[in-house]
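First residue of the sequence shown? That's 1 in UniProt numbering, and the numbers climb one at a time after it.
Bear in mind the hints are in silico, worked out from the structure with no lab data behind them. Any given hint could be a false lead.
Quick list of the computed label-pair ranges, beta carbon to beta carbon [unchecked claim]: (1) T630 - A586: 16 to 24 Å; (2) A586 - N733: 34 to 42 Å; (3) D1131 - T1035: 30 to 38 Å; (4) K954 - T1001: 26 to 34 Å.
These figures come from a predicted structure and were not determined experimentally. Glycine residues also receive a C-beta, built at the ideal position from the N, C-alpha and C atoms.
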Amino acid sequence: MHSKTIGKVLQGSKAVDPRSLRLVFRVLNLELTEDDYASADWQLLHETVPTTRSLQSEHEAKQIIRSRSSLKKHFNWVESVDFDSFYGRTLELTQLEQWILKERCRVVAILGMGGIGKTTLSQKITQQIQGEFEYIFWQSLRNAPPLSKVLVKLIQFLSEEQLSQADLTERIEDNSIALVLEYLRLSRCLIVLDNAEAILSSGGSAGNYRPGYENYGEFLSRVAQTQHQSCVLLTAREKPKEIGIFAGKYVRSLLLDGLSTAEGKEIFREKSCFYANEEELRVLIKYYRGNPLGLKIVAATIAELLDGNVSEGLNYLKQGSFLFDDIRNLLQQQLSRLSELEILVMYWLAINREPVSIAQLQEDIVSPVAQQKLFNTITSLQRRSLIDKISPRINQNTTSQNITSQNTTFTLQPVVMEYVTGLLIEQVIREITDGEIYLWRSHSLIKARSPDYIRDTQIRLILNPVIVRLQAIFPSQKSLEERIRQILSQLQAKFPLQRGYTAGNILNLFLQMGTNLCGYDFSNLAIWQADLHNANLPGVNFSSADLSSSVFAEPFSGILSVAYSPDGKLLAAGDTKGTIHLWYTASFQKFLTYKGHRSWVTSVAFSPDGKTLASSSSTDYTIKLWDTLTGENIHTLYGHDHGVWSVAFSPSGKILASGSEDYSVKLWDIDTGECIQTFPGKQDEVWSVAFSPIFADSPQEIENTLASVGDNFTIELRDINGKCKQNFSGHTNYIKSISFSPVSVATPQGFGKILASGGNDRTIKLWDISSGQCLQTLVGHSSPVHCVVFSPDGKILVSASDDKTVKLWDVTRGECLQTLLGHSSSVRCITVAAPNNTKNNQLDYILASSSEDFSVKLWDTRTGECLKTLRGYNNLVWSVALNNFSSNLLASGHNDSKVRIWDLDNCQILRVLQGHSNRVWSVAFTYDSHILASGSEDCSIILWDGNTGRCLRKLQGHSMGVRSLAFTRDRSILASGSDDRTIKLWDVPTGQCLKTLKGHTSRIRSVAIQTTVNGVDLLASGSDDQTIKLWDVGTGECIQTLQGHTSWVRSVAFHFDGCFLASGSDDCSVKLWDVATGECIQTLQGHSSWVWSVAFAPVDTHKDCTNKNYAYKNYTVASSSEDLTVKIYRDREHQTLSGHTSLVCCVAFSGDGKILASGSQDETIKLWDVETGECLKTLRSERPYEGMNIIAAKGLTEAQINNLKALGAVEEVRSQESGVRS
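Please take these sequences and the hints and turn them into a complete structure.
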């Protein structure tokens, strides 16, 4: 206000405008009354310039102002930024208008990260409501002007320049806030303060002010608490603390999210040069969380550099690289304001890759941080709009008890996560290069215990980029390894057992680089979050190391059966070595191991009260009852004559049902262990049994309804007395699994009780229990279905198959909802339970699957992601072949996808052949041993140079795994038998497939070739369809089909002269066949379980095949079996060779017939003297932890220590060593 104006007021000699008069009185703390006016127009003046005191309501004030038709509006847009386009934000605009106009809020804050559109939205709402305000003042705080300067400008604007800057600065500086408030009372004003983050402090908690700017807080406090008719609209990247303190009726804040998918698409549609479908745009918009600035930048880049190809842009996203300089600069500004603890938390959120709770972050952080301090840090990051808060999802399993603060999780927006990940990588590289370790100690680059899909992402986006960058810096891998070894040595020398992730990071880095760690010394170090489940660590020293949170392999083999306890807290699994494993589902720490069965544990089941576990075996024909908590064997139930495939408890838990290979179903009294009923079958194995659950509308059916697989591919429903209640017919092959829905469920035909079945015909059928009608047939699996099970609510059916997949089906619609991929071999069993702990309470249910690939997987059924893999290790020997002309060379095919060549003289491995990606099922030498062939579950065949081990050629053509190989004598043709039910004949010199032989109706387990005395190359094949076929190799014609076995034919072998054939089967027999007539001339008994392999001993001269007596007197045939033995048959008599501790997969004779080699699931190869039966040598490949020293190691449970020892680890005191052994 000009000094002359003030003089006029003080002298009272000349008229002044009412506004100036009232302001001078206000500043002097005087009350303006009627007595102070010389004019008779007091009433007019009083109405023209209303005071808050004189108004009856805010509505009245608004009416008086609007009634003044001559009232002039004043807008100051000088510092506002023009925007060329505006997208959506309808809800946000409506909300802001509600707060500003209808609720008359005094302070409104628009909050959000940089580029989210705060300024644009504030401009849009200001323009939209400008007609409701007398004065609009826009001030950018980007350059952090002092409050005094802002208030001077504001007062000048509101006084319509009647108060000069000099007057304001010199005379009323201390009362400037009061003066502004008076203007806000007198007129309807909108004051916009944009980019308020510039006046807030960096390096501390969010919402605090920079030194010298604290008066902004006072200004906001007084605006919030003082009665007036105006509004301050503020935008900021973080929430000033006053906004939180005074939040309520008059103070509001809007946290601005990104644009919706539909709104984001408008940015791309403004340009007509984009090529993208709706889904591609949705993914791109989701990645940038609808950030308008980010979308504009990426749209411009894709248009300019990728010719508008959004699909190509998404490929860059998958590689974790689509961050541009403009966005990078924006984020750099935002992160430069963070405190040290905030940065530490941001790094951990980037590493975790998915939402985590405060408690989980507290576990991650090395140095102890008080929960309250961490909570405050998270709150600060939220105020800065850098992290997202994820509230728990409510579902049918959610209760008030399990909704806690632990369920609230936090994460980074994708674009922020990409930026912070880049910073993390840069910092780690600097630390490794310079040797100054800080971040590498405080943060783990990967978390070994993370869900599988998260760990894979951490490796792909963090660990691998670190390695690639380091390899570009260091001249060689050797020099890089030496640098990391120096860091390791310094760590051991200066900071033994220091808490932190350095040593774990080093191990993970070495393993990903492929470094040979044999003999390395990691003693006296904290080995945290090391992923060692797939590592070879021979001779590594972990003595006195802290191995907490590191992950190792476990010594289990193929898992045939899994089951959750009723409360979901335990998971049981039975493997092919006769062992049952129990894990806690919350932590997946091993709880107990039960040992008692001889081999395959085909079924496990918990009693309804969870106190008893039942298990069955296909090899020892027994059922065992175990005390769940102690592991004590309560009862062993004897009575079945062949393998037991399935067990199931009745709803009361008093009765156990079992189904067997002996065609019978038995009922057992749980308390006494006695068999109380036997229901015999006629011709088919009983693969599955199931009791009906208790349905709410028919509780009388307790104990009364039992379903079992019957004869002729049927299902029988009977009561416990054996009376048949229903028979279901419709499958065209063996039924492998049946399951009742736990509740009545909706189907296309109505609401009812359902039974599901799956089998070798690759279909799943849903049956109405009451009528026996087939309601639906679900088709989708490409191989036999091993298992079906319902979800707890009965709405979803889950199936597992030989095609290596798990499928989820909607029971009502019959549609496949999801296919879960991840297993590398047949999926044998699945189990489902309701979530039981807070970590899983956002899942509808938890699903576990078991496979022959030695793994158990836990799945997120909503996303299809694999959460956890329990990885077993068992390097069983699938196949052996002896060099025909060098009795000291042997080839073996192993479960670890490798072929090994052994020197039998010194029992050493000469070379390891690598090229397959899955287990090697078959190896075979040519007659002259110049070429070795290997066949794998990866569907390929590799030809190797028999002398050097060099890969000659890879043959591909089968659509499923290759089970067996055989060469013609002249090595020109190779035959292969596969799970795809075909035999292929290959030209060895060219690798060309000459013929594909079809005829078997199931997988082909074995092929053999022999040249007959007539010069014809004859091929024999054995199959799961229980037949043997003889083929002419030259023509590809099937000459004969040999029938006689009653189960799978696993192996076939020709006699030396081709006149006779031996076969081994799951019916426990070895049969000898006359090739000319197809007649079975002899059945050799002796094995008590499946026969896996047969081989004839070679002879030196041809015999007269027309002499039938020859077949009975002049043969030596060997066989191996699931019963752990090898047998040698001579003229009906047999000799038993014992020594293996698990099933014996294969046998092969040496060229001179004096040595027999056998390979087993116990990971050994044994060499036997054929004449005496003596075991001459035992070969064993190195186990993954062979000689790994874990003496005095910390962080391991007793079960883990036993597991590590089973895989070769030792506990031994070694002499003091310095440095690292290389």
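Status of each hint after checking the structure:
At about 20 Å, the CB distance of T630 to A586 agrees with the hint of 16 to 24 Å. For A586 and N733, the Cβ-Cβ distance of about 40 Å falls inside the hinted range of 34 to 42 Å, so the restraint holds. A hinted range of 30 to 38 Å for the beta carbons of D1131 and T1035 is consistent with their spacing of about 36 Å. Checked against the hint of 26 to 34 Å, the pair K954 and T1001 passes, with Cβ atoms roughly 29 Å apart.
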